[in-house]
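Work out the full structure: start from the sequences and follow the hints.
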Amino acid sequence: AQSVTQLDSQVPVFEEAPVELRCNYSSSVSVYLFWYVQYPNQGLQLLLKYLSGSTLVKGINGFEAEFNKSQTSFHLRKPSVHISDTAEYFCAVSALYSSASKIIFGSGTRLSIRP
Amino acid sequence: KAGVTQTPRYLIKTRGQQVTLSCSPISGHRSVSWYQQTPGQGLQFLFEYFSETQRNKGNFPGRFSGRQFSNSRSEMNVSTLELGDSALYLCASSSGEGLASGNTIYFGEGSWLTVV
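These protein sequences, in sequence, are chains A and B.
Take the first sequence: its position 6, counted from the start at 1, is 9 in our numbering, and no numbers get skipped.
Take the second sequence: its position 81, counted from the start at 1, is 443 in our numbering, and no numbers get skipped.
Quick caveat, the hints were computed from the structure, so don't treat them as lab data.
This one's a predicted model, so the numbers in the text were calculated from it and none came from an experiment.
For every residue, glycine included, the Cβ atom is placed at its ideal position computed from N, Cα and C.
One should not assume that every hint holds.
Each computed BS3-like pair below joins lysine-lysine, with the alpha-carbon atoms no more than 27 Å apart [what the hints assert, rightly or not]:
id: 1; chain 1: A; residue 1: LYS72; chain 2: A; residue 2: LYS52
id: 2; chain 1: A; residue 1: LYS105; chain 2: B; residue 2: LYS419
id: 3; chain 1: B; residue 1: LYS419; chain 2: A; residue 2: LYS52
id: 4; chain 1: A; residue 1: LYS61; chain 2: A; residue 2: LYS72
id: 5; chain 1: B; residue 1: LYS419; chain 2: B; residue 2: LYS375
id: 6; chain 1: A; residue 1: LYS105; chain 2: A; residue 2: LYS52
Taking CB as the label site, the calculated pair distances span [claimed, not checked]:
id: 7; chain 1: A; residue 1: ASP11; chain 2: B; residue 2: THR376; range: 30 to 40 Å
id: 8; chain 1: A; residue 1: SER31; chain 2: B; residue 2: PHE422; range: 16 to 26 Å
id: 9; chain 1: A; residue 1: PHE17; chain 2: B; residue 2: ASN433; range: 46 to 56 Å
id: 10; chain 1: A; residue 1: GLU67; chain 2: B; residue 2: LEU445; range: 37 to 47 Å
id: 11; chain 1: B; residue 1: THR376; chain 2: A; residue 2: SER87; range: 35 to 45 Å
id: 12; chain 1: B; residue 1: THR442; chain 2: A; residue 2: ALA20; range: 45 to 55 Å
id: 13; chain 1: A; residue 1: HIS85; chain 2: B; residue 2: ALA364; range: 21 to 31 Å
id: 14; chain 1: A; residue 1: PRO118; chain 2: B; residue 2: GLU414; range: 49 to 59 Å
Where chain B lies over chain A, by a calculated footprint (3+ residues, C-beta under 8 Å) [claimed, not checked]:
id: 15; region: 45-55
id: 16; region: 107-117
This is the structure in structure tokens:
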């Protein structure tokens, strides 16, 4: 079975400061990893995903994440945040090569940007 | 290319009633999945349909059901509504083999259900 843990429910950051949103997962099989963003009153939008290959993944809006297999982590980072990054961020995992695959989401991290 | 469309966007139902929500996936996508989002439980997977077949189901009671039509449009139904079913229900579609292949999931804006 898979599980995803986002340790921080809220992260307040000043504008133009760097940010890291943490995500840890557990799984008995290889997984795909995702970060989604949800702006107020909207659905989710994919920021980036890791399927295989390079462990550093770059996504939209200047975000990037690093897959660390030994630490079972997939932390999301941005070197300089903007007010427009205020949103809720979800880490997710789905199993590799499973016809019965489903996707498990973390509980979300609310990123609030202070001017 | 039109995105994932969900209808209705907002609805209010009474306990004990049933509700049907509709989802039109992105053209060409055969995988449709449904999710429930609540403040307490977060975002939870309900089920995935692929080519009219339910592939997998999350941990929800049998009151939650769905189906997919030959044009990939999908509906989900909740019978005997309870107060705790109040939530944002999100539909998503994916190309290729859907969730099993790690393809990007594209979400609709959701249907807000309030049960009173």
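Here is what the structure says about each hint:
no., hint, verdict
1, LYS72(A) x LYS52(A), "15 Å, holds"
2, LYS105(A) x LYS419(B), "8 Å, holds"
3, LYS419(B) x LYS52(A), "23 Å, holds"
4, LYS61(A) x LYS72(A), "17 Å, holds"
5, LYS419(B) x LYS375(B), "24 Å, holds"
6, LYS105(A) x LYS52(A), "16 Å, holds"
7, ASP11(A) x THR376(B): 30 to 40 Å, "38 Å, holds"
8, SER31(A) x PHE422(B): 16 to 26 Å, "23 Å, holds"
9, PHE17(A) x ASN433(B): 46 to 56 Å, "49 Å, holds"
10, GLU67(A) x LEU445(B): 37 to 47 Å, "42 Å, holds"
11, THR376(B) x SER87(A): 35 to 45 Å, "40 Å, holds"
12, THR442(B) x ALA20(A): 45 to 55 Å, "49 Å, holds"
13, HIS85(A) x ALA364(B): 21 to 31 Å, "29 Å, holds"
14, PRO118(A) x GLU414(B): 49 to 59 Å, "50 Å, holds"
15, 45-55, "holds (count 7)"
16, 107-117, "holds (count 5)"
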